[in-house]
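Residue strings, one per chain:
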Amino acid sequence: MQKFSAFSLLREGLSGQRGWQAQWRSPEPKRAYDAVIIGGGGHGLGAAYYLAKEHGLTNIAVLEKGWIGGGNTGRNTTIIRSNYLFQESSTLYDHAMKLWENLSQSLNYNVMFSQRGVLMLAHTVHDVQVFKRHVHANRVNGVDNEWLTPEEAKDFCPPLNIEPGMRYPVLGGALQRRGGTARHDAVAWGYARAADALGVDIIQNCEVTGIRRDASGAVSGVETTRGPISTRKIGVSAAGHTSVVMGMAGVRLPLESYPLQALVSEPIKPVFPCVVMSNTIHAYISQSDKGELVIGAGTDIYTSYTQRGGLHVNAHTLDAICELFPQFRRMRMLRNWGGIVDVTPDRSPIIAKTPVPGLYVNCGWGTGGFKATPGAAHLLAWTMAKDEPHPINAPFTIERFRDGYLIDEAAAAAVAH
Amino acid sequence: MLLITCPYCGPRPELEFAYGGQAHIARPQQPADLNDDAWAEHLYMRDNAKGAHAERWRHTHGCARFFNAVRDTGSDRILATYETGTPRPAAGDLVGGAA
Numbered sequence: 000m001q002k003f004s005a006f007s008l009l010r011e012g013l014s015g016q017r018g019w020q021a022q023w024r025s026p027e028p029k030r031a032y033d034a035v036i037i038g039g040g041g042h043g044l045g046a047a048y049y050l051a052k053e054h055g056l057t058n059i060a061v062l063e064k065g066w067i068g069g070g071n072t073g074r075n076t077t078i079i080r081s082n083y084l085f086q087e088s089s090t091l092y093d094h095a096m097k098l099w100e101n102l103s104q105s106l107n108y109n110v111m112f113s114q115r116g117v118l119m120l121a122h123t124v125h126d127v128q129v130f131k132r133h134v135h136a137n138r139v140n141g142v143d144n145e146w147l148t149p150e151e152a153k154d155f156c157p158p159l160n161i162e163p164g165m166r167y168p169v170l171g172g173a174l175q176r177r178g179g180t181a182r183h184d185a186v187a188w189g190y191a192r193a194a195d196a197l198g199v200d201i202i203q204n205c206e207v208t209g210i211r212r213d214a215s216g217a218v219s220g221v222e223t224t225r226g227p228i229s230t231r232k233i234g235v236s237a238a239g240h241t242s243v244v245m246g247m248a249g250v251r252l253p254l255e256s257y258p259l260q261a262l263v264s265e266p267i268k269p270v271f272p273c274v275v276m277s278n279t280i281h282a283y284i285s286q287s288d289k290g291e292l293v294i295g296a297g298t299d300i301y302t303s304y305t306q307r308g309g310l311h312v313n314a315h316t317l318d319a320i321c322e323l324f325p326q327f328r329r330m331r332m333l334r335n336w337g338g339i340v341d342v343t344p345d346r347s348p349i350i351a352k353t354p355v356p357g358l359y360v361n362c363g364w365g366t367g368g369f370k371a372t373p374g375a376a377h378l379l380a381w382t383m384a385k386d387e388p389h390p391i392n393a394p395f396t397i398e399r400f401r402d403g404y405l406i407d408e409a410a411a412a413a414v415a416h
Numbered sequence: 000m001l002l003i004t005c006p007y008c009g010p011r012p013e014l015e016f017a018y019g020g021q022a023h024i025a026r027p028q029q030p031a032d033l034n035d036d037a038w039a040e041h042l043y044m045r046d047n048a049k050g051a052h053a054e055r056w057r058h059t060h061g062c063a064r065f066f067n068a069v070r071d072t073g074s075d076r077i078l079a080t081y082e083t084g085t086p087r088p089a090a091g092d093l094v095g096g097a098a
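If you read the sequences in order, they're chains A and B.
Going by numbering that gives the first Met the number 0, the first sequence opens with residue 0, and the numbers climb by one from there.
Going by numbering that gives the first Met the number 0, the second sequence opens with residue 0, and the numbers climb by one from there.
Be careful, since some hints might not be right.
Covered, in the sense of this in silico footprint (three residues per stretch, anywhere, with C-beta under 8 angstroms from a C-beta of chain A), are these stretches of chain B [unchecked claim]:
no.	segment
1	59-73
2	83-94
From the derived model, a few chain B residues whose C-beta atoms are all more than 10 angstroms from chain A [claimed, not checked]:
no.	residue
3	CYS5
4	PRO6
5	TYR7
6	PRO10
7	ALA17
8	GLY20
9	ILE24
10	ARG26
11	GLN29
12	ALA31
13	ASP32
14	ASN47
15	ALA48
16	ALA51
17	ALA79
18	THR80
Hints listed in this document are in silico derivations from the structure and should not be mistaken for laboratory results.
The beta-carbon is built from N, C-alpha and C at its ideal position, and this holds for glycine as well.
Let the sequences and hints guide you as you build the complete structure.
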């Protein structure tokens, strides 16, 4: 791997930028691997990286149907926070947060992680009570979160409209200062580059069409559009298509896949210092380093695999944005798109072994998977390597739906879905 | 925005409707006889099909009645709508034939 440093940048700058090598190989798939990851997003690439880095499993492949980072990794609004209500969740998301804090250094790749603060607005008495409860629960669990009055919220985020005459006036907000954003493409590329350097084969344009099982029921390989591959361990990290892939092994999951849309404005000079989210009036917003306002909201109402949704959902989001930030009313929006998110009944993920020996799954992240990327990847790798969950992901099983141990984060998920 | 044909009112914009999830999930006749696996299947497991998917809709801002639709979740094309209580149409009876 060609290491990035101030010196290498200077050297290439002086030599016409002609010395850069490809950041990862494009190998032909081998006939057999020790482990295969299905899904080349941040979660899957990261799992391959941690399998190679921390568990010594380097004869592994990541199979990606399209191109790496082209699914939800490249379609989210890049928000990172860990202020979930229950101890299981805040431990899980804060595990990811701690990995984020050193990720650029670990990967030798600038993922542009910026802890600019995530402010979640309260608009009703109920919101205020719920968020204060979240603040207290987070602090008990060692996760930073603080309550701001409307005036303090405006000090922190000067563009915010706190006029009492609004339809849904701002009554305060919960601020996680360690929250923020990262460049999502760089996360996929950084993990891909680091995994490749450890010997992981990243195979793009390779769709899995079947999962093979032996006489005992354990997995023995996958069928792909680029030929069969033998393996005894398969990790599925396929986001919205998890039900489809797991169906190939006969495993049913408590998932429904919905379109989640996002949009960006034309790029402008820096005007927006943080991330602001409002669950009640369905909007969240931040500004990318490129200058675009990045805006998202809740899912469409029906299940779908189309990676698009109704324009009225975006219009509804922009209604809320224009009310909270009237100065953006005349801005033009450049692009909108959708991604397919797999939602569980309790809005908490599943990172677990499955009833099929050798088959592992990381799914159910719903609208909030990006923030967990390093944590989910790290825990999926652990679970695959040791054939047992890490204590952090032990509660996030499929069986919790049978046994009644739901981790109900419907209120902590930042958007209604 | 989808154009959805309510079996009672005719074609209307999606804004008038609420979504009700997978259709034809019957409540257990003898709830006391179900074990935990069967309850989990009934309450939480869903087909989440990519392709033809039978689902419930409610014409909330119209006649307010529930009905069922078959929709291709790979394209969002609605292949049939039909009244609650009637069986899912055969593949040959859907818009465009087999789906």
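Cβ separation check - ASN47 of chain B to all of chain A, threshold 10 angstroms
4 angstroms, violated
If you look at each residue in the segment 83-94 of chain B, do at least three have a Cβ nearer than 8 angstroms to any Cβ of chain A?
violated (count 0)
Check on CYS5 of chain B being off the interface with chain A, judged by Cβ distance over 10 angstroms
The claim stands: CYS5 of chain B keeps its Cβ more than 10 angstroms from every Cβ of chain A (closest is about 15 angstroms).
Should the label of ALA51 of chain B as a non-interface residue stand, given a Cβ cut-off of 10 angstroms to chain A?
Non-interface label stands for ALA51 of chain B: nearest chain A Cβ at 12 angstroms, farther than 10 angstroms.
So is ALA79 of chain B really clear of chain A, every C-beta pair being over 10 angstroms apart?
Fine: 15 angstroms to the nearest Cβ keeps ALA79 of chain B off the interface.
How about the segment 59-73 of chain B: do at least three of its residues have a C-beta closer than 8 angstroms to a C-beta of chain A?
Result for this restraint: holds, n = 3.
Non-interface claim for ASP32 of chain B versus chain A (Cβ beyond 10 angstroms)
16 angstroms, holds
With 10 angstroms as the threshold, tell me whether GLN29 of chain B passes as away from chain A on beta-carbon distances.
19 angstroms, holds
Is the nearest Cβ of chain A still more than 10 angstroms from the Cβ of ARG26 of chain B?
17 angstroms, holds
Beyond 10 angstroms from every chain A Cβ - status for ALA48 of chain B:
At roughly 8 angstroms from the nearest Cβ of chain A, ALA48 of chain B sits no farther out than 10 angstroms, so the non-interface label is violated.
Verify that the Cβ of PRO6 of chain B lies farther than 10 angstroms from every Cβ atom of chain A, and report whether the claim holds or is violated.
Given a closest Cβ separation of 17 angstroms, the condition holds.
Confirm or reject: THR80 of chain B is not an interface residue toward chain A, with every Cβ-Cβ distance exceeding 10 angstroms.
13 angstroms, holds
The structure is inconsistent with the numbered hints 2, 7, 8, 14, 15, although it conforms to all the rest.
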